[in-house]
Amino acid sequence: MVNPIYIIILSLLAGFLLSIFDKGGRKLSLTVFYSVLTFNVFVIADWFYRFAILGVSTLTINTAGFSAPLSINLQLGMLESFVLLFANLAGLLSAIYLIKKFKESKISSLILYLILIMGVNGLVMTRDLFNMFVFLEILSISTFALTILTKNKKSLSAGFKYMIAGGVASTFFLLGVIFVYYFSGNLNLEFISSNDFTNYGLIGVFLLAIGIFIELKPFPANGWALDVYESVNSGIVAIIAVVNSAAIIFVLYKILPLLPTVYLSVFTGMGIVTYIFSNLVGIRQSNPKRLLGYSSVAQMGLLAASLFYTTKLGVSQNISFLIAGGIFINHFIAKALLFWIAGIVKKNNIKDWSVLRNNIPLLILFGISLLALSGLPPFPGFWAKWEMVKVFVGSKYYIGLSAILVGSLLEAFYLFRWFGYTTKNKLNKETMEQVQFSQIFPIIVFVLILFFTSFWIMTNVYSLNYFNYLPLVAIFGMFLISFLRSKVKAIISIAAVVLYGYFLFPLGMSIQLLFGIIFIIGSGIVIISTINRKNTGKGFYGFLLMMIFGMGNLIIAESFLAFFINWEFMTIAAYLLILRGKRAKIPAIVFITFSLAGAYFILAGFGYMPNIANNGAIINTIGTIKIPLMAMILMIIGFLVKSASFGAHIWIPGAYAEAEDDVTPFFSSMFSKTGIFGIILLAISFIKQTPDFDLFYWLGWLGAISAIVGAFLATFQEDVKKLMAYSSMSQLGYIIVSISLLSHLGWISGLYLTLNHFMFKAMIFIAIAGVIYRTGTRQMYKMGGLIKKMPLSFITVLIGIIAISGVPPLSGFGSKWLLYNSLIEKGWFLQAGVFFFASAVSFLYLYRMIHSIFLGQMKYEHQNIKESPIWYLIPQVIFIIGIMAISMYPNLIIQPLNTIVGNYFNSSIVIDGYNVTSSLGYWNGNMVMYVTMGVFAVPLILLLLINGRTQTVKQFNIVYAAERPESPQTTHFAHNMFSHYYKALGGLTKPRIQSFWNYVSEGTNSLAGLFRQIYSGNGQTYILHIILYIVAIYFIMGV
Amino acid sequence: MISVIIIITLGILMIIAGIVALHLKNLLAAIITAGVISLLASVIYLILGSPDVAMTEASIGSGLTTIIFLYALNKVRKEKKDD
Amino acid sequence: MIKKIIVILAMIGLIMMLFPLVTNFEFLENLNDLSTNYVSGSVNELNSQNVVTSVIVTYRGLDTLGEVTVLFLATAAIGFLLKKKKTKKRGSSELLQTASSFLVALIILLGVYIFTHGHLTPGGGFQGGVIIATAFLLLILSDVNIKFNHTILQVVESFSGAFYVVIGLIGLVLTIGFLNAKIIPLGEYGNLFSAGAIPIIYSLIGLKVGSELTNILDTMRGE
Amino acid sequence: MIFALILGFALLLIGIYGMLSQKNLIKIVIGFSIVDTGVHIIIVSIGYLRNRTAPILNSVVDLGKAAQQVVDPIPSVLVLTAIVIGLAVTALMLTFVVELYKKRNSLSIDDYQELKW
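Chains as they are written, first to last, in the working numbering: chain P, 8 to 1046; chain B, 5 to 87; chain Z, 1472 to 1694; chain V, 5 to 121.
So that you can see chain P by itself, here it is in the shape it has in the complex (with noise of 0.2 Å):
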């Protein structure tokens, strides 16, 4: 137990004598250096030891013999000791970061460091204003010279800009200072109260805190920081980034008590309006420095908002401190983290760091702390905005749960871009220089804590269920065994998923099951194919695996949180799966960013949901609860956006064509049922309570859109997985139809569609991937008459589009046919019209899928082509034995539905031996099976009895001419295939959907660029932001 002053007293000692050490040389100078920062850490910790875990109550430290009033007093409780144990820690590591750099240049840059610590652990600890003023003069001095540590123009105008900014904001603390000290007659926290300050007082109130409040660098008065952050040396920005915020945010915590609720609420709007339009102006941003500082600038108005709105609402301590202290600790680790990054990799435009992928244990650190500024799970910063959130929507206060929202949305979109850059981009001859140990050191102990500090959260604060780990075991297991060879990493995976299943999932006749069968036994029969792979780069099994335990985890999620955190699971895998693709880049990040969006509308509805008893999955239990409309109609856009519901379907043809091709198949059966899952999750407590107001006609029309358009866009596409891609938009409609229908009828149809869709869908995938594989190409009318050569795949792809189609005798007619008797009984004429257009539009593609790469002519180039690989074909035909199962007996799959949806609505079909019979008829699919046997029977015996027989042809039938085209492939019936079709009916491709978005896209672009013109690089117009800033302030809180 060594009390807190001696951190100061030593750093001050040690500070004067470095000079006279230094005469004895480098080396001791830099060991009294080293040794004094330590010193400071493990002082520290023992601290936070004892109030964390020990129970200590607050210290507080007199100086001069005196108690407080009289003199300065120091106190170190569990807050102060929170915020300095990061704060020295990251001094520590910012000095070994910066080691090198320590050894070359002048004694005085150690002082001044040295003294910057000292500063800051002095500036969190007092708690007298003017001493607080005295200590962020200290800190700023020092921080000011050490911005030109590395001393160039840049770093030097940014420096001089900082020095003037500085200096208006601490000159208005000071006035803020007197000003308080002549109100209250003191200067010493304790013996200060609001009450003290009326009327024009509050004038010395308000100085004081926007004096601090332009420390921490509010839009727009925030230029000449992001100068700083921009030119100067990596470690000391880190330092700036990390360490100075985040003494300065706590001397504003100290100050709160005295601000009355009206500069509590101005405030938290000026976080806010910091936080989303330096994101915003951040997606133009290019240099990687600059790019994070306008990311650490959001970051800390988000926290400054959060700590004046909990404030003001008197939230309570456990929540705020979850809420604040998770945010501030995800930017201090994630931003100290990436900027010493960036100082290893040394480019200044984030589209050259492809030159990182020479260095792949800094790359995933990279794509780590990326991960964790996102706020994404299970980093600390996305339980404070989970928590965030509910508390925003509790006080209804949604402007700035929208405004945060789509901050984070921005920032998450310019973090992806960046790290699509990286993964993605061309990458030139050059090699990275070689890493110091002194400089990856640091990085590896901060993310070693961020990993930490997540999982103490999820298990003490949330003590969440063993299996919502799994998705994070599965890549670090993954990761640690990535030496193995591929076939056996894929061994591996299989039998985690059958583990997984056998372990986790119920049996009982429930949608679990059914959905556990998709997500899991099908994931599993799926991953076979990937053992074709020859070799996979590392992490794709851990992404795999994240991405299937994520699914499976849906199902079994026991709280809202559960089912959130393992929703951002599997998107995450999935971005990276997808990323993982050749062309991939533009691709992932549209994926990314949609995907993030619809899981914002869900965190948004999760804010509005009830509590829910907490014993067993949620699945079971929602029904109990009444979901308001609000939390409905958000939840659903997020779970339409992962089903590619028409609007927001655009990033389906990319994400599916781009993954690679044996991945495509998990994203197009299994991904895609997610967000069936979400809306079926919905419609049960939607049935089992009264409902306000029939949303779920909406999305039956919805639904219908979607299986139209999907169905035309397929249509005319010539890259088979973009068709294939739209035809899932296309069934995937269907399926939200007749869940939207909420009748019993209607979910059997449903979740036969689901099942089927899943089934089918998974096979075409696999049979297109093994096609790819041998040709090479994605285009259809590169290929044809590959039935010879192929027919395995070939059978696949046929009885595949039979079920699709649903035409007898496979198991999708059966779907159809109760889709269509569903819609008629409930009504629903005009829907079911427009299905059975979509219907005949379906045959369209799916003909010319078949006909364009397996009938025609062969390419002279694919004369010696193979069939699939076995590992291919293996799923194929456990497909295919499934389809065929439930086609020949569908009371295998009706009956149990027929169950499974008696738990939630009054049976309404009879099913007796093969015969399923509804209100308007019946369906035997046994007989259905043995006519249409019979139908094709006779003309296959016609043919064949034909075939042989010599055929006369006419002169002018070019097909048999042997003439050879000039442009073989213009003229190839695969090209343009149904280009009449397209002068009739293309005008409802157009897409405008997709212009939709672009005008989002360009208008949030030209925004930003419209916002960054503030930023002109004059530090004089910085001041006159920072004093209009001032006075704007100061006019909307009316004092």
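None of these hints come from the bench; they were simulated from the model.
A few of these clues could be false.
Heads up, simulated EDC-like pairs for lysine to aspartate or glutamate below, C-alpha to C-alpha not over 16 Å straight-line [to be verified]:
{"hint": "1", "chain 1": "P", "residue 1": "K589", "chain 2": "P", "residue 2": "E667"}
{"hint": "2", "chain 1": "Z", "residue 1": "K1474", "chain 2": "V", "residue 2": "E103"}
{"hint": "3", "chain 1": "V", "residue 1": "K69", "chain 2": "B", "residue 2": "E83"}
{"hint": "4", "chain 1": "P", "residue 1": "K161", "chain 2": "V", "residue 2": "D66"}
{"hint": "5", "chain 1": "Z", "residue 1": "K1475", "chain 2": "V", "residue 2": "E103"}
{"hint": "6", "chain 1": "V", "residue 1": "K69", "chain 2": "Z", "residue 2": "D1614"}
{"hint": "7", "chain 1": "B", "residue 1": "K84", "chain 2": "V", "residue 2": "D66"}
{"hint": "8", "chain 1": "P", "residue 1": "K160", "chain 2": "V", "residue 2": "D115"}
{"hint": "9", "chain 1": "B", "residue 1": "K82", "chain 2": "V", "residue 2": "E103"}
{"hint": "10", "chain 1": "P", "residue 1": "K161", "chain 2": "V", "residue 2": "D114"}
{"hint": "11", "chain 1": "P", "residue 1": "K160", "chain 2": "V", "residue 2": "D66"}
{"hint": "12", "chain 1": "P", "residue 1": "K160", "chain 2": "V", "residue 2": "E103"}
Got chain P sorted already, so can you dock chains B, Z and V onto it with the hints?
Same frame as chain P, but now just chains B, Z and V:
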């Protein structure tokens, strides 16, 4: 009463000096004028009953600061000559 | 032009903002509790005539330590920024040099007087320190080629600061609090050797400030 | 003394105006030091009480009634610290100006805006 008159007179002088200091083209003169403001301020401190502050302002505010300003100006000029 | 208008608007806004502070201002009739305590404490507890000094050195000693640190930082920062380059220049007349050396001794003496009497008369370590620095300035001005012994300057600067901290530390070790001036007897009111450690602390501050400012001046002189 | 307070604010405003309107870096620093002086005067005048003497308790002051005879010592204390800090900041700013000038040979703040957006 006398002190009030002194303060008003000094005050007017200081304000004028302030404005002049900012508008003088000649940097040397501007710096000296700014130093004069500090010097006059120290008289005001004396009247306001703070001799400690007066001493400090006279020595640091008007003395040392001005010298540092002059040094800086000198350096800038020397740079100019060097090129 | 537009910028000028905005600047003027900003100034008007600022004036409107600060206006109430002036118009509503009322001077207090009596000292507040805190100052009263300081005034009586200075006499009764610290035996120091100059209340300002006793507040600076003891009650708000941490501020003063910080203040010394700020100056120290500035010295370090300026030293960090400016490179010293040496160019020979013509020296000044011998007469001037002799005269100034004589004056320098006197001025230093004055400085020492001021910081050792900080608890009795106006002034103290900072003012005294500045005066000492002025003495060296005089030397610099009279002889442009003069070189100060930087080691001595540095030793004085470093150790005076360090001793200041150590004196504070003694109070902590004696468990009467960091920077407590009562670590040595308070002496008789009004004497030079009174007010506990205040004169010692102020002398150390004086030395530190003096050497630091000399250092700054020397660095800024540069050539 | 209300005039001192007004004077302090006036200097504060003049200084800020100078910082906002002058292009020359040295002038801006001069503006800053005028702001500083203004703030110091404000602080001292806040501690002023009518008809009282300096807080130096020598023979002039009756020790028993000292508290009724002297002005508030605290503002003086604060100003002392503030003046020294102001010196430090001003000196550092000027050093920056000198270094900037070395890099670009210009004292106009408009010439240092390569960092923007």
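Against the structure, the hints:
Restraint check: the Cα-Cα separation between K589 (chain P) and E667 (chain P) comes to about 8 Å, which is no more than 16 Å; the hinted pair holds. Distance check on the hinted pair: K1474 (chain Z) and E103 (chain V) sit about 28 Å apart at the alpha-carbon level, beyond 16 Å; violated. Restraint check: the Cα-Cα separation between K69 (chain V) and E83 (chain B) comes to about 60 Å, which exceeds 16 Å; the hinted pair is violated. For the given pair, K161 (chain P) sits about 60 Å from D66 (chain V) by alpha-carbon distance, which is inconsistent with the 16 Å threshold.
Restraint check: the Cα-Cα separation between K1475 (chain Z) and E103 (chain V) comes to about 29 Å, which exceeds 16 Å; the hinted pair is violated. The straight-line distance between the Cα atoms of K69 (chain V) and D1614 (chain Z) is roughly 53 Å, outside the 16 Å bound, and the hint therefore fails. For the given pair, K84 (chain B) sits about 60 Å from D66 (chain V) by alpha-carbon distance, which is inconsistent with the 16 Å threshold. Proximity of K160 (chain P) to D115 (chain V) is assessed by CA-CA distance (about 11 Å); at most 16 Å being required, the pair is judged to hold.
Straight-line distance between C-alpha atoms of K82 (chain B) and E103 (chain V) comes to about 12 Å, which keeps the hinted pair within the 16 Å bound. Straight-line distance between C-alpha atoms of K161 (chain P) and D114 (chain V) comes to about 14 Å, which keeps the hinted pair within the 16 Å bound. Taking the CA atoms of K160 (chain P) and D66 (chain V), the gap is about 60 Å. The hint is violated against a cut of 16 Å. With a C-alpha separation of about 9 Å, the suggested pairing of K160 (chain P) with E103 (chain V) holds against the 16 Å cut-off.
Figure legend: structure checked against the earlier numbered hints; hints not met, in rising order: 2, 3, 4, 5, 6, 7, 11.
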